[in-house]
Amino acid sequence: MSDQHSAYHEVQPHRPGPVEGTATDEHRRARTMERIALVDLLDRVLAGGVVVAGEITLSIADVDMVTISLRALVTSVSALAESGADVRELAR
Amino acid sequence: MTSPAGEQDTPTRRHRIDADPESVEKGLVSLVLTVVELLRQLMERQALRRVDDGTLSDEQIERIGSTLMALESRMGELREHFGLDPEDLNLDLGPLGPLLPYD
Amino acid sequence: MTEPHGVWVYAVGDDIATGRIEHLTGVGGGAVRGISAYGLTAVAGDVPLAEFGESALRRNLEDLAWLEATARAHHHVIDALGQRASLVPMRLATVYASDDGVAAMLDERAADFRAALSRISSRQEWGVKAYAAQPPERGGLAASAPARSSGAAARPGAAYLQRRRDELSSRSQARSDLLASAETIHARLSGLAAEVRLHAPQAPQLTGVRAQMILNAAYLVDDERSGEFADAVAALAREHPAARLELTGPWPPYSFAGTPERSPPCE
Chain A
1 MSDQHSAYHE VQPHRPGPVE GTATDEHRRA RTMERIALVD LLDRVLAGGV VVAGEITLSI
61 ADVDMVTISL RALVTSVSAL AESGADVREL AR
Chain B
93 MTSPAGEQDT PTRRHRIDAD PESVEKGLVS LVLTVVELLR QLMERQALRR VDDGTLSDEQ
153 IERIGSTLMA LESRMGELRE HFGLDPEDLN LDLGPLGPLL PYD
Chain C
196 MTEPHGVWVY AVGDDIATGR IEHLTGVGGG AVRGISAYGL TAVAGDVPLA EFGESALRRN
256 LEDLAWLEAT ARAHHHVIDA LGQRASLVPM RLATVYASDD GVAAMLDERA ADFRAALSRI
316 SSRQEWGVKA YAAQPPERGG LAASAPARSS GAAARPGAAY LQRRRDELSS RSQARSDLLA
376 SAETIHARLS GLAAEVRLHA PQAPQLTGVR AQMILNAAYL VDDERSGEFA DAVAALAREH
436 PAARLELTGP WPPYSFAGTP ERSPPCE
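Protein chains in written order, with the working numbering: chain A, 1 to 92; chain B, 93 to 195; chain C, 196 to 462.
Worth flagging that the hints you see were computed from the coordinates, not collected in a lab.
Since this is a predicted model, take the numbers as computed values, not measurements.
Wrong hints could be hidden among the right ones.
[Unchecked claim] Covered stretches of chain B (in silico footprint by chain C; criterion: 3 or more residues with CB under 8 angstroms from a CB of chain C, positions within the stretch not fixed):
hint, stretch
1, 136-148
2, 157-166
[Stated by the list, open to error] Some, not all, of what chain B presents toward chain C, calculated at C-beta under 10 angstroms:
hint, residue
3, Val128
4, Glu154
5, Glu179
Beta carbons are placed, not taken as given, at the ideal position from N, Cα and C, and that holds for glycine.
Modelling step: build the complete structure from the supplied sequences, incorporating the hints.
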């Protein structure tokens, strides 16, 4: 598992401005989305956002949900590391 | 984990620790060596404190230093023998952080 | 024959600003629509209960491939619509039996949503992580300072202890410098943000990165300060070469959706 990086790494932030909803915007958003690291995304959608009791929302504790799902991620990352894959690339 | 994603496992199987004998042994060895490494580091720090306190004779310092040097060398051999990286010798204590310092 | 469906909620926005919902593909491949009540609009979509009912959810959430696809689909809808209007994102897996349930929820939580909407309005979330730039140096016998005295060869044990002392103190210094950097970086960026959330650093097993994570924070930044914020991150990266910075964003305000004063209610 090599840890090669430049001194400063930035994931394509796009400058805010009026959104036109053009094909270019959608395309760029789609590309950006693919490059979002799974660990960053799961952190936000599992542990962030408003929590309400949906009628079918999981009744297990929020912590359990995060733990279970993150455990799945950790297991996968470990398995990939053992197989020699570049885990950061695959986690994107 | 030996089963790749997408395979149809029964739900209970996902929770089981990988029971492959080879990896279990490697896990135990890592654990044992981690504890030994922890003790080695603690002993080293203890020795340095006593040297700084001035409570040791030159002969004692030399003997302790040689012993610790040999111990570190032996630890390196053991790690290599079991195919472990230095990073493998650590325990994540969750909120308490790792057992051994990152460096 | 239609199979039983539930209603998956992505986010809640202000009725007037959200307007017409685009034709997007959401979670489970379904369409996205709006459910309006009490001046708010919930962005929602129908999902089959066979896959998104409670027991199915428990099972599927432990399947990383399913979780990833679902998380990305959830995020895609929120992100796409969030470009046009302030939206309060919902946590993943908020499902109702029917539209009526969603409307009732909007009624019950209207004040919370309005407060959240005004807090996040014209702002975006940015994530900053900082790592130690160098992976940890290993091995006590790394090539270090040469023997300090001519007597070193005669007293290798004492020389070893001296070497270890030097190494430990320089590592200790490096570590405290690194943590000081993290504090400085966080303080500077906090000054540019309306709100801040500091998260626990993530373990290497999770990130797949060996180096120690020294900062893991989310910043809610005014739209017009985004450029200034990104520039500040770049400047801080130059000023603190011992730290490697990662900037992600802009994100929908996941980390700032809850009300700061209250913990999320459990019903």
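To see whether the hints hold, each was checked on the structure:
1. Coverage of the stretch 136-148 of chain B by chain C holds. Counting CB-CB distances below 8 angstroms, 5 residues qualify, and the rule asks for three or more.
2. Counting residues of the stretch 157-166 of chain B whose C-beta sits closer than 8 angstroms to any C-beta of chain C gives 7, which meets the bar of three, so the coverage hint holds.
3. Because the closest C-beta pair between B:Val128 and chain C is about 14 angstroms apart, greater than 10 angstroms, the hint is violated.
4. Satisfaction of the interface hint for B:Glu154 is found here, the shortest Cβ-Cβ separation to chain C being roughly 4 angstroms, below the 10 angstroms cut-off.
5. Taking 10 angstroms as the C-beta contact cut-off toward chain C, the hint placing B:Glu179 at the interface holds, the least distance being around 6 angstroms.
The structure fails hint 3 only (numbered hints given earlier).
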